[in-house]
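For this one, chain A is given, so just place chain D on it according to the hints.
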Amino acid sequence: MLGVKVKIMHEMWYKIRICDKCGFIEAYIFNFSHRLFWFLSPSTKAERSLDKFSGEPVKHVESCPSIKNILLLDSEGKRVAVKYYCDDWPTNNAKETFEKAVFTKTQKTNARTEAEIAMFENNIVVYKFVQDLHFFVTGGEDENELILATVLQGFFDAVGLLLRGNVDKKEALENLDLILLCLDEIIDGGIVLETDANVIAGKVASHSLDSGAPLSEQTISQALATAREHLARSLLK
Amino acid sequence: MAQPLVKKDDDRDDEADYSPFLGIEKGAVLQEARVFNDPQLDARRCSQVITKLLYLLNQGETFTKTEATEVFFSVTKLFQSRDTGLRRMVYLMIKELSPSADEVIIVTSSLMKDMNSKTDMYRANAIRVLCRITDGTLLTQIERYLKQAIVDKNPVVASAALVSGIHLLQTNPEIVRRWSNEVQEAVQSRAALVQFHALALLHQIRQNDRLAVSKLVTSLTRGNVRSPLAQCLLIRYTSQVIRESGTQTGDRPFYDFLEGCLRHKAEMVIFEAARAITELSGVTSRELTPAITVLQLFLSSSKPVLRFAAVRTLNKVAMTHPMAVTNCNIDMESLISDQNRSIATLAITTLLKTGNESSVDRLMKQITNFMSDIADEFKIVVVEAIRSLCLKFPLKYRALMNFLSNILREEGGFEYKKAIVDSIVILIRDIPDAKESGLLHLCEFIEDCEFTYLSTQILHFLGIEGPKTSDPSKYIRYIYNRVILENATVRASAVSTLAKFGAMVDSLKPRIFVLLRRCLFDSDDEVRDRATLYLNTIGGDGSVVETDKDVKDFLFGSLDIPLVNLETCLKNYEPSEEPFNIDSVPREVKSQPLAEKKAPGKKPTGLGAPPSGPTSAVDAYEKLLSSIPEYASFGKLFKSSPPVELTEAETEYAVNVVKHIFDRHVVFQYNCTNTIPEQLLENVTVIVDASDAENFSELSTKPLRSLPYDSPGQTFVAFEKPDGVPAVGKFSNMLKFIVKEVDPTTGEAEEDGVEDEYQLEDLEVVAADYVLKVGVSNFRNAWESMGPECERVDEYGLGPRESLAEAVSAVINLLGLQPCEGTEVVPGNSRSHTCLLSGVFIGNVKVLVRLSFGIDGPKEVAMKLAVRSDDESVSEAIHEIVASG
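If you read the sequences in order, they're chains A and D. The first sequence runs contiguously to residue 236 in numbering that gives the first Met the number 0. The second sequence runs contiguously to residue 884 in numbering that gives the first Met the number 0.
No lab work stands behind these hints, which were simulated from the structure alone.
Residues from chain A that face chain D, not an exhaustive set, calculated with beta carbons under 10 Å: (1) VAL81; (2) THR149; (3) ILE190; (4) LYS202.
For each label pair, taking beta carbons as the anchor points, the in silico distance ranges come out as: (5) A:LYS82 - D:ARG209: 30 to 38 Å; (6) A:ARG163 - D:THR288: 46 to 54 Å; (7) D:SER116 - A:ASP195: 19 to 27 Å; (8) D:ILE373 - A:PRO89: 29 to 37 Å; (9) A:PRO89 - D:SER710: 16 to 24 Å; (10) D:SER116 - A:ASP131: 38 to 46 Å; (11) D:THR288 - A:ASP195: 31 to 39 Å.
Glycine included, C-beta positions come from ideal geometry on N, C-alpha and C.
So here's chain A without its partners, still in its complex pose (with noise of 0.2 Å):
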């Protein structure tokens, strides 16, 4: 009955109306540089997207427990270790924004005597405070909570021990290593690998025992080094 009509506008707009059996639906096209660029007007893609609503699949977990990323941010949002399993969030664009999120919505709850919980975008995220250092620890919407809230206890109790009780954020990045040691024997790709936090300590303790243990062994310039090191430290605080 009706076609569609393309009506010229001015040299480089040219409108087009669909009007066959569809009502009213008017588009744009732009010819610029003998290239053309579509779109649709504004009132046109409102109304024709009313429906929607579809149900939603029953799921059934059968995999072995996963954790997405464990993060330890500052008391401003900043990262001190972050630590992704997945690609939910490829770039790092991406994993800032999620943890931007995380921790300003978190920011107001008391999360400093027990974990606390939430959900992000489909995903469960688990937390707890101490001085300026917050824990957290994500899983998909499937997981069991209490795993996830026992991998966050893990680590933070083995923090904990691994900075001697000193856990701020200070100490932290000063023992930065000990922290990513501790990550890579809490969760191996996702899975878990170890959540008792005595167990997670030793294993990354060992090392830096043995390390500072043979003292002798170290030549006198090195223990000189390591000296001097101490006491600018000391200085600049």
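Here is chain D on its own, set in the frame of chain A:
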């Protein structure tokens, strides 16, 4: 005087900002990394530099290819050092750098040496690093060591090998599958986590072998599993076995094991078991009770995580078994004031689901207070819960609609407002009584709406629903106000809406004409154009005349070509004398709609699944089928079944089938996926043997021309069947195709192919396929208005049944009708139950069913079936379904 004060502040700032990495810079650190090349290695210094490098990577810094290579080569030199701490950092660094294949060779020998070292820590870590960076060829070389490591007496080494195995299974399954003997041995390990990792790997190796998984579960549920994590895994596998065994009734094989886990000492296991029980398909209330009791205890725990986990699970249970959760209502109500707002929201929505008609008002009062202090994302969840509550108790629509309109007037962001508007729209569609008040609420909302998108949608909706109301003229004022006050986008929509009123309501036509004429002087050209078009379309000269049918079709029709296709065609259109022709737009939907829909889309917040509404899948199928010329003559699609899998998971070719039912035809749509990268399938058809389905005669087959790797395609087979008769039958299927080898490097297929066949599972067409689930909001009214003329009543004995609930759900599944007013839920311990069902039978005949169940002592269930419909034969047909089922 002020000076010391300022200084003090400075001091504090310095301290707060102090960091060992202050002012760190990539270039400088890369310079520092030269110490790795010193002949006299300073282990401590090297460790520090590696930490700095790792810090940079952790902060999101990236290394260029050359930088990474350079660092990698110098790091490999550090294997000379005997310092264990440094070695650990070297391992970390190598994993972070993820070197390329030709670089891996450099470290392989060092790592292999470490793998056989005496120090357990070296062995464990070397295994993890090597497996992370290695490829298939290297793996065969080290396979022997890995097998040994799996049964190593040191648990750390064994775990390292097992976890690496889990990762490698994704890339090199054939190699890892050879380790199953060793893994089997590791499952018996005394070390808790070794058992956990071994169990995970063993299951993944055998996951496609149902029998083996079942055996594994049987042996382990008897023995004792030490680690709570392993126990959780075992629970997951057990429920998988239960699900696949398909026993819906009677004694479930492993239910006792699951129930026993509810008394485990680890909370993690208790919760996993409780959750598994609630997710059993067709779970009975007796089976549910112990799980609900445990979850109820968790509700009053001091740990937020535990409360959250429990309330989230109960929330899901409430969707299917609201009665089972009512016991927890008191604990649930105290959670409304929980500090953690996620828990409070979940508690509210659970209460909304379990509430009965009489408690609605009280609940609404509580919610009104609650709404003021939660964030938008939680409000959206509450709005959705209220929507489904209203659909459940249509008689309460007044209170709930008022609530929705009140919150619509309050402050809120776009997503929140959209959720409310969507809810009101759905209520108007589904509850006829709510239409007038709902439309007025929406009208009032657009008077003061800051969101163009929502105003436009509401106007569009108003145009469809408004003219059908008793007094359409009262909406005109609201609509014309938009034309005067709003921006161009909204004005254009308002013009369309006015036109729809004019077309549908003849008496309003003259007035609409006047209004539309005024729009001809609008400043925006789309508004003017729309007005001109509609003035011409509706025709006449502004007098009261009846509107042409064509015009109505034009105004209310839907776009039946995919927008994407239209877009591409328009892009290719060269402006010329010849106008663009919409018929040239292809209608074939590039279809993988189902798979894509599962991907995480924009689900509101994930707090509780949204109630399932009318699915858009049907529309997609309709479009797909109408694009095939052979099927265009079949008439309107009556029903499409959900996809039925015809192959097991992870076979070479994955095929599922969708049954499309037409009045006189049945079309099977086979969705095929080729999972072998080295193959290209051509001329794919399904050979259907319908010898067990006597009423069906094969009409045509539409082959799939080519099926490349991992891009799904469809082939169709059409059958003719007697008109309107719910013919049933069984079909056996055989996939037939021509295989061509594909060169993996070039991606080109060879010229010659080989013909091949592949056996698929059988497919059945059952009576329920001819029934469409369509709910009615007020069953009583519908039942009365249908009248007793075509009523058929009969009684049936269903024999011994597990419970009343089980019998009810069995009959509902058999009939495939939509349960109404929440009557599919049987209260615990009741001896009789009435269930109301509605739907549409093939031939578009409305069917209403009233089922009365009774149970006596020895679980003997009897049922009275009353069917009303517009057609006697349909009532008979429903009885036949029950009689033959």
